[in-house]
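Student: Sequence:
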Amino acid sequence: MKTNVVAVLCCITMAGMLAYAQSADDGYQTATVVSIEKLAADAQHMEKGDQFKISMSTAGALYLCKVGAPAATFMDWTSGKEFPAKENGKILLVKNKNGQVVELNIAKKKAK
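This note's numbering puts the last residue of the sequence shown at 100; the count rises by one with no breaks.
If you're looking for bench data, these hints aren't it; they were derived computationally from the structure.
Computed from a prediction, not measured in an experiment: that's the story for all the values here.
We put the CB at the ideal spot given by N, CA and C, even for glycine.
No farther apart than 20 Å at their CA atoms in a straight line, the calculated lysine to aspartate or glutamate pairs in the DMTMM-like style are these:
1) LYS96 <-> GLU75
2) LYS26 <-> ASP64
3) LYS26 <-> GLU70
4) LYS26 <-> GLU91
5) LYS54 <-> ASP64
6) LYS41 <-> GLU70
7) LYS54 <-> GLU25
8) LYS74 <-> GLU91
9) LYS97 <-> GLU70
10) LYS83 <-> ASP64
11) LYS83 <-> ASP14
12) LYS54 <-> GLU70
13) LYS54 <-> GLU75
14) LYS85 <-> GLU70
15) LYS100 <-> GLU75
16) LYS100 <-> GLU70
17) LYS69 <-> GLU91
18) LYS41 <-> GLU75
Listed next, with one range per pair, are the computed distances between beta-carbon atoms:
19) GLN88 <-> THR(-9): 36 to 46 Å
20) LYS100 <-> ALA29: 29 to 39 Å
21) GLY77 <-> GLN39: 16 to 26 Å
22) SER67 <-> MET(-11): 44 to 54 Å
23) LYS97 <-> ASN(-8): 49 to 59 Å
Let the sequences and hints guide you as you build the complete structure.
Tutor: What follows is the structure, given as structure tokens:
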């Protein structure tokens, strides 16, 4: 009986450590979607595909971004939704809920 209890406690501890390790992303912080807008298609440049204008807010800044990506990438992106994000030069790297990293081109950054 004691062996089973120790085994269960070890499994719970390992699961907690794994969850903590996954949440400790290098340099990522919580960013909130302020707004997301699908831009009108450009008839002259159809190769651009779906274009979006996205505003994201972190603890210290507001990012105004543009991105060209399939609409399916942003299906669950709504105002107020939070994602892990980090700035990398002129790109904001945002981790989607499925773990995919989306690269948003920073058009403007405003300090809070």
